[in-house]
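Model the full structure from these sequences, guided by the hints.
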Amino acid sequence: MRYGCAALLMLISSAVMASAQDQVRFTAPAPTVDAVIHRDAIVNSLNSLALLNKNVEVRVSPEEVVARLMSFDRNGDGKVAINELSERMQGLVARADRSADGALDATEIRSFSESPQSFQTAFRNLQGGGYGFGDTGGLSTRTHIENTIEDLRLAPQVNQEAKRIGAAFADELEGTALANLKRVVAPMLAEPQLAEFERNLTSATSVRNRVITMSSNGTRTTQTFAIGAEPVMMLARYPLTPEQRKTASAAAETFKAEQQLDDARRSALVAQVSGILTDEESDNFRAALARRPLVKGLGAFGNFQATISEEPVRLQFPGNGAPVREIGFIDVPVASTSR
Amino acid sequence: MRTRVAGRTSFAPLLALLLALLIAPFIPELAGEWTSNPNLQAAPQHQLDRAPSDLRTLTLPAVSYRYASIEMLPVHFRQGDAQRFDNTPTDNPITDAGATLGRVLFYDTRLSANNTISCGSCHVQKAGFADPKPGSRGFAGGTTDRHAMNLVNLRYHPRGRFFWDERGGNLESMVLMPVENHLEMGQDLKQLSQVISRDERYLELFRSAFGDPVVTNERISRALAQFLRSLVSYQSKYDTGRAAVSSSKEDFANFTPQENRGKALFERNCALCHLPDQDAHFVMKEAVNTGLDDDTRGTDGGVGDITLNPRDLGHFKSPSLRNVEVTGPYMHDGRFATLDAVLDHYSSGGKKHPNKDVRVQPLNLTNSEKAALIAFLKTLTDPRFLSDPRFSDPFQ
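In order, the protein sequences belong to chains A and B.
For what it's worth, my numbering labels the leading residue of the first sequence as 1302, then goes sequentially.
For what it's worth, my numbering labels the leading residue of the second sequence as 197, then goes sequentially.
Straight-line alpha carbon distances no greater than 35 Å define the calculated DSBU-like cross-link-like pairs of lysine-lysine that follow:
| no. | chain 1 | residue 1 | chain 2 | residue 2 |
| --- | --- | --- | --- | --- |
| 1 | A | 1557 | A | 1547 |
| 2 | B | 329 | B | 386 |
| 3 | B | 445 | A | 1557 |
| 4 | A | 1464 | B | 566 |
To be clear, the hints were calculated from the coordinates, so they are not data collected in a lab.
What follows is the structure, given as structure tokens:
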């Protein structure tokens, strides 16, 4: 099954802003299809990418830019003349002075601030894509606990025991959350549907990382791409009444929340492990558990077109041996890597 | 083995220097001779802590230093992802002769309007080519409002944009901006090539670098850019440890437990920004707002003041963390004197600027975590780089 390219481009463009520079670096050739990605990667990643995309929301208005620039108007004539700007900012006048009077007024500043000028386009580059929190973007609490213990650099035996305790804690957390969710959705789904839903959910939550690899002039690279287990999306494929969907969605949110390490759960875990840790290690463990793990979204590959594959694509992951399942990839033929 | 480029006697520079220092305060015209732009005032006396470079002896090795070869770089610099960070343009690759010329220009005070300061006056080698002071003193005694960035591994800034606000499009185009800046070096670019070409010692250097002795601003820029790209730090304790393992995530055998712990903390909490997609360069891919200010009314808007893009306000470029132990004070305005203060900032999560990057969250670091992180950051110090004669002042 093939989807149109537009869906993928919309998806990627929502999380990625590529600069002209990157478009050169990752120039795609003329053919219409440059990439392949498994459809599940798209479906499951919608929510995660939306979360990651929050990082590129505009939170400062052009009016604030206008106010800031006009604060340089020392003589109060309603315009910012070139000699009222610091030397490093004086290039602005040449770029934004539409009336060619050698100064910028509020209208010109606002217009320049709001318009997608070529300069800004070239300037802009979120090469790394968006960023978000792993706890809402697919990194399980289990992984967070394991990583935190690993970072403590404990003695081998202590490390092993701490991980055992952490895994048991995660088992209980995930098991309880899943049981609560199943209790709510079970009356709404047929038995095979419930089995499928549970299978998909369990599978998704067990995935630590999903990767997208790309080739650049023959060089294959790998990027971690966190895709969350999104029960709401998974439930979308089943015919539910509006009321059922509302109830199921609420349960799905509870399912996610119940797996987060809130203060109480964090304290409970630290208490379980504290018997084998020094006070300093316990303090460090608690502090690290409280940090929300950050993950990186899709990288900026520039403009390209892709088709979506129905079949999962298995890739060789040259990682550190951690259990990783690859579900999709983007393979971008590169015409030029000129810098 | 060293030899002199020019055929001066060994006494001439010393005598000239003594003479100049003795009579300069009494004869303003002499200062005028040093000044390329007669409209600009000579520097205050306190700035003349080093003699102008034309009154010192230019000493270069008989056999040029090697700047161009990259075979000595460790593997983690040459792997696919790390290599893609290289911003060297195809039309200005590093050559030994070009970088040698760039080195001489970098330390030549005649690039300033009154022959008092060079690029190397503010970008100090032992400080990782940063300025140990928060603001840098300009040719006429004024002080900049930004900290002179370190010049470590500029070659590996993938966007190839420079200055704290990224207004410099590439090294070739940005190197003359401080030279021309009215606070920093104040040189009239229309006169620069004439000033340089008056010194016969330069003619051979330009001939070696470009095939003929013609001095142009473009060639000056290209040579300076080559020298700057040659400033690659790759022999730190980190590099030694990294070369011995297959992944930077492994513990390094040459690290102390505290340094390895710090490395793990860095990988988990800092690397997403400072070590993206490779483990060699410790640079950031894009300018970021790290919550240094509460709002957009701060005195310095960073990238936003250049683009007027609301989203860019408060965004600043980050220099490489290599040699960060010696490149303080830190941040664009040098507000943090120590690494402890920097970590305190990130531990608290910074201020609530609306553009603050989502990655800058309160880390709430414990004291032992801070100590471990600082121990790790100090493994990025590269003593050989900080004293490498290839990068030192050639004017004796």
